[in-house]
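Protein chains: 2
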Amino acid sequence: MECVFSIELPQWTKEYIRQNGEPFSDLEEKMRFVIELSRRNVQEKTGGPFGAAVFEQNSGRLVSIGVNLVTSSGFSAAHAEIVALSLAQKAFSCGRLPNRQDCSFELFSSCQPCAMCLGAIPWSGVASVVCAARDQDARAVGFDEGHKPRRWREGLRQRGIQVAVDVLRKQAAAVLNSYGQQGGQIY
Amino acid sequence: MECVFSIELPQWTKEYIRQNGEPFSDLEEKMRFVIELSRRNVQEKTGGPFGAAVFEQNSGRLVSIGVNLVTSSGFSAAHAEIVALSLAQKAFSCGRLPNRQDCSFELFSSCQPCAMCLGAIPWSGVASVVCAARDQDARAVGFDEGHKPRRWREGLRQRGIQVAVDVLRKQAAAVLNSYGQQGGQIY
Numbered sequence: 016m017e018c019v020f021s022i023e024l025p026q027w028t029k030e031y032i033r034q035n036g037e038p039f040s041d042l043e044e045k046m047r048f049v050i051e052l053s054r055r056n057v058q059e060k061t062g063g064p065f066g067a068a069v070f071e072q073n074s075g076r077l078v079s080i081g082v083n084l085v086t087s088s089g090f091s092a093a094h095a096e097i098v099a100l101s102l103a104q105k106a107f108s109c110g111r112l113p114n115r116q117d118c119s120f121e122l123f124s125s126c127q128p129c130a131m132c133l134g135a136i137p138w139s140g141v142a143s144v145v146c147a148a149r150d151q152d153a154r155a156v157g158f159d160e161g162h163k164p165r166r167w168r169e170g171l172r173q174r175g176i177q178v179a180v181d182v183l184r185k186q187a188a189a190v191l192n193s194y195g196q197q198g199g200q201i202y
Numbered sequence: 016m017e018c019v020f021s022i023e024l025p026q027w028t029k030e031y032i033r034q035n036g037e038p039f040s041d042l043e044e045k046m047r048f049v050i051e052l053s054r055r056n057v058q059e060k061t062g063g064p065f066g067a068a069v070f071e072q073n074s075g076r077l078v079s080i081g082v083n084l085v086t087s088s089g090f091s092a093a094h095a096e097i098v099a100l101s102l103a104q105k106a107f108s109c110g111r112l113p114n115r116q117d118c119s120f121e122l123f124s125s126c127q128p129c130a131m132c133l134g135a136i137p138w139s140g141v142a143s144v145v146c147a148a149r150d151q152d153a154r155a156v157g158f159d160e161g162h163k164p165r166r167w168r169e170g171l172r173q174r175g176i177q178v179a180v181d182v183l184r185k186q187a188a189a190v191l192n193s194y195g196q197q198g199g200q201i202y
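Residue numbers (the numbering used here), protein chains in the order written: chain A, 16 to 202; chain B, 16 to 202.
No lab work stands behind these hints, which were simulated from the structure alone.
Each hint should be verified, as a subset may be incorrect.
[Stated by the list, open to error] Across the chosen pairs, the derived CB separations fall in these ranges:
id, chain 1, residue 1, chain 2, residue 2, range
1, A, 159, B, 44, 19 to 25 Å
2, A, 30, B, 181, 51 to 57 Å
3, B, 17, A, 181, 38 to 44 Å
4, B, 106, A, 196, 32 to 38 Å
5, A, 27, B, 73, 38 to 44 Å
6, A, 33, B, 41, 53 to 59 Å
7, A, 59, B, 17, 18 to 24 Å
8, B, 108, A, 198, 42 to 48 Å
9, B, 76, A, 108, 35 to 41 Å
10, A, 30, B, 151, 48 to 54 Å
11, B, 169, A, 192, 29 to 35 Å
12, B, 157, A, 113, 17 to 23 Å
We put the beta carbon where it would ideally sit given N, CA and C, even for glycine.
Can you make the complete structure from the sequences, with help from the hints?
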């Protein structure tokens, strides 16, 4: 019986991070980096059109990245957000990222989180979530975002997690649309 | 930067599976096996009081198990259900478990799924979910189940996923209560 599973970023991400990893001056620069991850993931045929990253809030330092690896890894939980959050937790050897005034973290995602990733966010320790494309942009291409609570943004805010949406939405939606037009696998 | 993460079952589970792994004749026998996983996970100090397993529906064969490994693995996504589902997918080399008349799978969990695990269930491919303790039993001990849609069971059923609850609820709740009384870590 299987007793261990591993999820690994594709090789191309190393060079991508080396060339584009820092510094990040603002919200849009971080999101451009994440949307480009989603685009490259399709181009490199390593998964679906979704990217994510965790940044240290005060410094803007890149902590970890994630791309959707469902088809390439064979794990349905290998969404970009889960991958990025898990790699950030590994970097800090801590199952919950610290959230203090001098050290807190933000999750950027090229699309609003599906029901699973939404549920994962409060457990992760991130202080903030920033999204580009909307649920409906993913649904328009055929992706299923799952059964989310109606007022999910308010739910996160009530837990003290800041939420920003529609940051470079058009650019992220364009990657989703392009994937749909190419007949990319919907899973 | 971290580029891979792994989640591994604790050593004691191997012997536990060897001694208790098969055969399973009915629902309650499977759930007793899963509740005992939750109890042993606390006793062995490898995580919180939650266990899960995936069974092949027609044969009753055990496919994979999971226990809550958040504190021991350092990953907030390492809930029993995510571990069991991922190990089942690894066993079948497939990011979505098959769901055919001749081959389908059921997830047993010692507690109703939190918001993250609930969101993960439709992506996993399981045809059925069977739970023991209720959300409120976990909350009574201090665990946070997250922001779940109000009618989550109906949501799963609308997707064709069968849901059974309260199977050996008292026995599973007793493990949760015992953990709470011992002052077990709440995360």
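- prompt: Failing hints, ascending?
  reply: Of the numbered hints given earlier, those the structure breaks are 1, 3 and 8, listed in rising order.
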